[in-house]
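S.K.: Sequence:
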Amino acid sequence: MNFAFITSIIYLSIGVLLFLLGLFIYRENKTKRLNRITAVMIFFAALAPLMGAFGLMILKTNSQLRLDLEIFHGWFLLWEFFFPQLLIFSLVFPEERQIIKKFPRIIYFIYLPHVFHFMVILIFRSPESILSLLSIPQTDSAFSIFLQPVSILFNMILTGVSLFYEFHVNFFALINLIYVIAAILIMYQGYHRLSTPRTKKQVGLVLWGIRASVGLYAIAFLLPKIFPIRTSDTLIYFFTILALLIGTGSIAWAIIKYQFLDISTRISRDFLVSICSGLLLGMYLIIYFHLKRIVPSVLGLNLPIVEVILIILAVVLFQPVFKKIQLILNKIFGRDKSDHRSILQTLSHDILTMLDLDKLKAKITATLSESLMLENVHMIIKNPNGDFEVEYLQNEQPDKYIFHKNSQFIQLMRVQSSAVGHEDILSQISNDEEKGLLNQLNSYLLIPLSHRGDLNGILCLGNKLTRMSFSEEDAALLSLLSDQIAIALENIQLYQEKLVKQRIEEEIMVAREIQQMLLPNVIPSGNNFEISAMNIPSKQVGGDYYDFIQFDDQTLGVAIGDIAGKGIPGAILMSNLQAAFRAAAWQHRDPVQVITTINKQICQTTSPEKFATFFYGVFDFARLSFTFTNAGHNFPIIKKQNSDHCFLSDGGLIIGVQPDFNYVKNTVKLSPGDMLVFYTDGVTEAFNTSVEEFGEQKLIEIILDYPFRTAEELRNLIYEEVIRFTEGTAQYDDLTLIVISIYENKSARY
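Count the sequence shown with the numbering used here and you get residues 1 to 750, in order.
Think of the hints as simulated: they come from the structure by calculation, not from any bench. A hint or two may mislead.
Derived SDA-like pairs: lysine to any residue, alpha-carbon spacing no greater than 25 Å straight-line [to be verified]:
(1) Lys464 <-> Met517
(2) Lys200 <-> Arg36
(3) Lys201 <-> Ala220
(4) Lys640 <-> Ile523
(5) Lys102 <-> Pro113
(6) Lys698 <-> Leu717
(7) Lys669 <-> Pro659
(8) Lys101 <-> Ala173
(9) Lys640 <-> Met517
(10) Lys200 <-> Lys400
(11) Lys359 <-> Glu370
(12) Lys201 <-> Ile410
(13) Lys200 <-> Lys361
(14) Lys600 <-> Glu701
(15) Lys363 <-> Ala476
(16) Lys201 <-> Lys400
(17) Lys498 <-> Met517
(18) Lys361 <-> Val321
(19) Lys102 <-> Thr346
(20) Lys101 <-> Thr346
(21) Lys669 <-> Glu693
(22) Lys32 <-> Ala220
(23) Lys400 <-> Gly386
If you're wondering where the values come from, they're calculated on a predicted model, not measured in any experiment.
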């Protein structure tokens, strides 16, 4: 294995890695111009080491194959299309220039010098091939006198072409250098206009890589032409490939470290791990073949056991080395501020505990602007009068505008259930003043901040600085955050309303009201079922939670939970749970997916000591079936029509402890006359003066002894028995009850 072979392997590896990087960028979002332009630029960069590797291999085998190396040399220059592509890249990054918007076909003119250069090289191959045309065969024909002046003229033309060709080949590198310098200057102008720190880091890193590659390219191609310096083709190829590797490597690092082109941390890290795996395998193969050749010559024996030992060593060493590489990558790249889970953990946790509106707005706008790389973020907030206020910059000065609560814009946003495009809303507004203000906000996306049908505000997001569209990951983040921001705004509003009367006492009362507002105002009912529910906190605020979601005219979601902790901390966690449940239930409906989503949300946004039990099921009152998933909650009881009973005993781990826990679901068939009782441990763990528990058995006896009660009567009876049992003692825990009665039809209840 000689030096040329090793060099060709290195070149080939670099070329393949660059090609994979370009393919990775293209496939990440092939609909976006910036991704396509970047990918093509890296593809051209990959051609240099790939062609260099093939060139070394051809040189080694040419004596046997007798190939025309001049033809190969011409095709090798295809990689120089990297330079016009780099200039095109600078016209769309970090911002798209007006010239390319007005004249999109300008990219074809940028390619013209290199197309001409490639055609010249491919047609004439070399000065020698041109000069070979000068030798015209001598003839004694009568036409020789006539042909002689033509021959002289032809020779002069070919000599001129030959000189032009030689000058063109030697100094075309200046054109490439001019392209690179122009690209750097254009990107520098865009860099100084940026305001987002993360975007500036991306552009700065890419600029550093291009500057370094320019220096190496100048050393390889320009210095030997300007000064009397002799360099070998091998050295020129080395500097060229090193320059391309540094330039494109800076783009790769920007992707991995700063999510360049909006490529997520997880995807880029997985890509890097895959590359490291390939490099490890390649290194092992090189070492293996070397040792396989060296060991027999040292020992003087060619034993099969040597190969077996090498394979065993590879198997033993690969896993720990690979794990070490993963640890190093995790330490180097860590969790970036733009990571979906990181934002969710910090922002969603912070805003639910903020009671200062200015701090809340500053936190939200700063975090979203930085993490999503947005041009601007505005929040339109409902004031105590019910109108909506927005703060913005007018001629670089702070200004405020108030939308009346009955204005066209506000009325349109009230009926929106999800994010809507700025242009879609603008086209429906006839009021010029409102349209002018909305245009001045320069928004791209408008997100209603609604809670329980009440519009508390509007989140206005501008375009991304990269002009990339919002990804699915962005949409998931914004969907979860919008519910929590709406609740946070309502928290602040309630807090400010009560703060004037009593500071300390009203803080508790606000939390109490928040909790009650999170519980259903209206209990669902139908032709063949009746529901009754109650929630009695042990303090002014509690940690129990129940909810109903009417999906359609035949399915109903039923949820009940018990938060670890009481008072204000329990209520805050409860509001977090309610927001997560509402968002997940409307998105998934399936009990397993809903509880899995809530579990991850609680794990990511709360400390380890905060957890909850939670039960969620979907009642199909048309088919009389109930599909449920239980996360550590008390087993609901089903009283059958025949006075028998059973438990919904399938369970799982409580939420907030293990984010990757796999939950299961089950389905039970119901019949008319059945009753379902859901409860929290505030019922079964109620104590009397003798420190005796009320207990599950006593609850079952009450349910079975009164088999023909309505849902409300049974609920009241259970509560009265608990109060009678605990008479003389304070309520220790929150108490929540839900009773569902199944009927043949509505008239059967009576």
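S.K.: Run every hint past the structure and note whether it holds.
M.R.: Here is what the structure says about each hint:
| no. | hint | verdict |
| --- | --- | --- |
| 1 | Lys464 <-> Met517 | 36 Å, violated |
| 2 | Lys200 <-> Arg36 | 22 Å, holds |
| 3 | Lys201 <-> Ala220 | 29 Å, violated |
| 4 | Lys640 <-> Ile523 | 23 Å, holds |
| 5 | Lys102 <-> Pro113 | 22 Å, holds |
| 6 | Lys698 <-> Leu717 | 12 Å, holds |
| 7 | Lys669 <-> Pro659 | 31 Å, violated |
| 8 | Lys101 <-> Ala173 | 29 Å, violated |
| 9 | Lys640 <-> Met517 | 34 Å, violated |
| 10 | Lys200 <-> Lys400 | 30 Å, violated |
| 11 | Lys359 <-> Glu370 | 16 Å, holds |
| 12 | Lys201 <-> Ile410 | 38 Å, violated |
| 13 | Lys200 <-> Lys361 | 24 Å, holds |
| 14 | Lys600 <-> Glu701 | 38 Å, violated |
| 15 | Lys363 <-> Ala476 | 19 Å, holds |
| 16 | Lys201 <-> Lys400 | 33 Å, violated |
| 17 | Lys498 <-> Met517 | 15 Å, holds |
| 18 | Lys361 <-> Val321 | 47 Å, violated |
| 19 | Lys102 <-> Thr346 | 42 Å, violated |
| 20 | Lys101 <-> Thr346 | 39 Å, violated |
| 21 | Lys669 <-> Glu693 | 32 Å, violated |
| 22 | Lys32 <-> Ala220 | 34 Å, violated |
| 23 | Lys400 <-> Gly386 | 16 Å, holds |
Of the numbered hints listed earlier, those contradicted by the structure are 1, 3, 7, 8, 9, 10, 12, 14, 16, 18, 19, 20, 21 and 22.
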